[in-house]
Amino acid sequence: MATTLEAPAESGRRGGGVTRAQVDARTKLFNRICLGVLIAFAILWLVPLAWALDTGLKPNAETTKATWWIDNPTFGAFRRTLQDTDILRWYAASFITAALNAIFTVITASLAAYALSRLNFRFKNWVFWFVLAGIMIPGQVLIVPQFREFNSVGLLNTFWAVVLPQVPTAVAVFIFKQFFDGLPRDLDEAARVDGASFWRVYRTVIMPLTRPAMAAVAIFTFVQAWNNLLWPLLVLTNPKLMTIPVGLATVQGSFGIRYADTMASAILGALPLVAVFLLFQKHIVQGIAGTGLKG
Amino acid sequence: MSTQTHAPATTGRAAPSRRTHALNDHGRPAAAFLAPFVILYVLFIIGPAIYGLVMSFFNTSLVKPGLSSWAGLGNYSEALQSKDFWSSLWHTVWFTILTTPPLIVLGFVFALLADRVARGRWFFRLAFFAPFILPSAVISLIWIWIYTPGLGILETALGKIGIGSPNWLGDIHWAMPSLAITTVWWTLGFNFILYLAGLQDINPELYEASAIDGAGPWQQIRSITIPLLARTTTLVAVLQVIASLKVFDQMYIMTAGGPNFSTRSVLEYVYDEGFTNFRVGYASAVSMLFFVVVLAVSAVWFAIVRTQEKEA
Chain A
1 MATTLEAPAE SGRRGGGVTR AQVDARTKLF NRICLGVLIA FAILWLVPLA WALDTGLKPN
61 AETTKATWWI DNPTFGAFRR TLQDTDILRW YAASFITAAL NAIFTVITAS LAAYALSRLN
121 FRFKNWVFWF VLAGIMIPGQ VLIVPQFREF NSVGLLNTFW AVVLPQVPTA VAVFIFKQFF
181 DGLPRDLDEA ARVDGASFWR VYRTVIMPLT RPAMAAVAIF TFVQAWNNLL WPLLVLTNPK
241 LMTIPVGLAT VQGSFGIRYA DTMASAILGA LPLVAVFLLF QKHIVQGIAG TGLKG
Chain B
1 MSTQTHAPAT TGRAAPSRRT HALNDHGRPA AAFLAPFVIL YVLFIIGPAI YGLVMSFFNT
61 SLVKPGLSSW AGLGNYSEAL QSKDFWSSLW HTVWFTILTT PPLIVLGFVF ALLADRVARG
121 RWFFRLAFFA PFILPSAVIS LIWIWIYTPG LGILETALGK IGIGSPNWLG DIHWAMPSLA
181 ITTVWWTLGF NFILYLAGLQ DINPELYEAS AIDGAGPWQQ IRSITIPLLA RTTTLVAVLQ
241 VIASLKVFDQ MYIMTAGGPN FSTRSVLEYV YDEGFTNFRV GYASAVSMLF FVVVLAVSAV
301 WFAIVRTQEK EA
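As given, the protein sequences belong to chains A and B, one line each in that order. Per the UniProt record's numbering, the first sequence starts with residue 1, numbered consecutively. Per the UniProt record's numbering, the second sequence starts with residue 1, numbered consecutively.
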């Protein structure tokens, strides 16, 4: 691990009472203690994941020994999960629904945010507050009416039922609007003066400058959709259409005491998101930190 | 629906400005840009919200079409008199009390420590933040295994240092704290990142100036860092409280509300009443009561933010 300490700020001046050198020494010691504590906690935080991996690599019979040491490491549990469950179908279902969700959300939210940021129209403030009200409504209180809605049009057990209710995300509109408001108006006004339509300005001037916000919204929507349990659990009862969380939740009982198999399926279920995390770490962190969520 | 913003640009009163309104009013394009979002929003968020409100006044059943008979405030008074409703509300509040303080304090402390480390931040982000993006189903499976009596790593580890373990998920008194421990481990990363971002906004010159004046690290944290992070803390706190009140997944998979309903949250109660007992009218009333609680929390937040902004 390449952790080095921040060099103490250089400064020639001397403080009243305590010398600069004493302060530096104190700060250095303090930083060292900080690092030690932090590493200890970080390792503690990784233990559950490491333990799951460790268990997944054991034969089922050996999981009853609560030791880290694996006598006969095997990929058997992973192989069985891939063969005996519908996990490959769940991957496909999760990927399709999460990707559709992310694409639709980015498109619809950015279009709406563009109108709210750049166009003048009557009731603009009313529309803005109307959209903002959506942030207040907890999605969970909508499950019953949404379920009846989809039941009555016969869309249960389809991906539409999973995707559509998750598309209109008030927070996404808010994030895009914040970002657009921060872009200099001269840019798109110049294009307008040159005769470009709003649609053209949105597509060729605004959106290309919006990559960071777009990435953040897309990744968050994708991850959220991928992980969503309650709603897909209600609308997807056909095992062939289940998403990963629904599949894992339903299959859990059937593994019984085969802990290695259970852990292998958990790890396989988490794998794509670990990849997303490693690939998009920066965007995820900036997305949380920089897109208006900070308050 | 509010897509009708393309109403002809006429002003009610005798036109106050000479400039043609048409030049400045983008009603038609605005309607086109807003339409995709607003239509989905009305169909799947606002519509169901109103429908839910309506249903809460009827004896609606999941297995019969239509709203069924009028119940008036019957569902509400039943919920308010139901022991199950109040106990599920209490469990939800108890869970919120157990999770919120550690999630705020640890998020702050870990961010503070990580902020002093110049390199290797990716490692801490990985350790603290990665669990946050994993599906609740995965988290639950892993922690059920960790808590398993006799075999789980927690019992083994505590046994090695001579501490006996309760039956984590099986004991009425321990089930909720166990769920809280899992949740703290799982979701801490989000607060960690919010605090880390807040810390990076603090001007380093403030620290340098105070160091020149002889302030040690503790003093700096007390008199610079904590006050300047007040707004971040308010945000973290309210997001955390709302998230904790909405708990469902962990409980549904790890304990299914048990043992003996000791971990049944409000949303699990809604789920049980609506989808197991088919009483969706009643479940809607419970949802609405829960919505009022969340609204109250949000209102308190707005009030606090307002005062903070006035002070700033």
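Incorrect hints may appear among the rest.
As the list claims (entries may be wrong) - Stretch by stretch, here's where chain A covers chain B in the computed footprint (C-beta under 8 Å, at least three residues): (1) 39 to 51; (2) 81 to 92; (3) 130 to 137; (4) 169 to 175; (5) 190 to 200; (6) 239 to 252; (7) 291 to 304.
Everything labelled a hint here was simulated from the structure, so no lab data went into it. Heads up, the beta-carbon is just placed ideally off N, CA and C, and yes, glycines get one too.
Checked hints:
no.	hint	in the structure
1	39 to 51	holds (count 10)
2	81 to 92	violated (count 0)
3	130 to 137	holds (count 7)
4	169 to 175	violated (count 0)
5	190 to 200	holds (count 7)
6	239 to 252	holds (count 5)
7	291 to 304	holds (count 4)
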